[in-house]
Amino acid sequence: MTSFQLAGRTAVVTGALGKIGRAIADGFANAGATVIGIDRDADKGGRYPVIAYDVGNPEAVPELMDQLGADFTVWVNAAYPRTEDWGRDPGDETPENWIRNVTLQMTASCVIAEAACRKIAMHGGGAVLNISSIYGLRAPDFSIYEGTYMGVPAPYTAIKSGIINHTRYLAARYGRDGVRVNVLAPGGIAAGQPQSFQRRYSARTALGRLGEAADIAGPAVFLCSDAAAYVTGVCLPVDGGWLAV
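Using the working numbering, you'd call the opening residue of the sequence shown number 172 and step up by one each time.
For the record, the hints were derived by calculation from the structure and aren't laboratory data. Mixed in with the good hints there might be a few duds.
Stated by the list, open to error - The list that follows gives simulated cross-link-like pairs (lysine to aspartate or glutamate, DMTMM-like), each with its CA atoms no further than 25 angstroms apart: (1) Lys190 to Glu255; (2) Lys190 to Asp256; (3) Lys190 to Asp348.
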């Protein structure tokens, strides 16, 4: 169906060289979109150009929007900036760690998303998509991390929850301007985690496995295409049934 296509549209994807960002960018390109990537490490040798930009710097957002021009109608926030000490044991975060990561991961994402909404609204409407997490909807199951180096930083759930509700805010504010704003909440994505974690995590899902980055691309294309023309303010879990069981 053509309603599931993005032909004739320009889509900007932040974090385009990351695992999820690259999968979404590739999915958009496969659906016919012209893709512009944004990442800290620019790469102009792939399927689409990538602009070097640090998404953790919200003060530079106006400059970024000016650089991009006005021809994009789809925007995806898929970047995941964080401090070098991110991922320490839960409960050990300092106030400084909280403040810095809230700024990098939530404030910057929200500022960028609103700037994208304003830009798209000025030129006839389109779609903005944020990326959150199932841990923005439910507390972590700490038992699946036992005996591993892994954990869930305390600020993570606050950040991801904030992105979800700010998405609803933007949907309400810019809906009459023709801008649809939605958010995906991925579950765990396979990335070489310890086998014990993979077994425990998989046992908690209805589909019995971790996700792959490619699993995020289809829902992203859907929410940014005309197939979702009457969908806005929605948080869609892409979690293999983690939240269902």
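Against the structure, the hints:
Note on Lys190 and Glu255: the hinted pairing holds, with a Cα-Cα distance of about 18 angstroms set against a maximum of 25 angstroms. For the given pair, Lys190 sits about 20 angstroms from Asp256 by alpha-carbon distance, which is consistent with the 25 angstroms threshold. Straight-line distance between C-alpha atoms of Lys190 and Asp348 comes to about 32 angstroms, which puts the hinted pair past the 25 angstroms bound.
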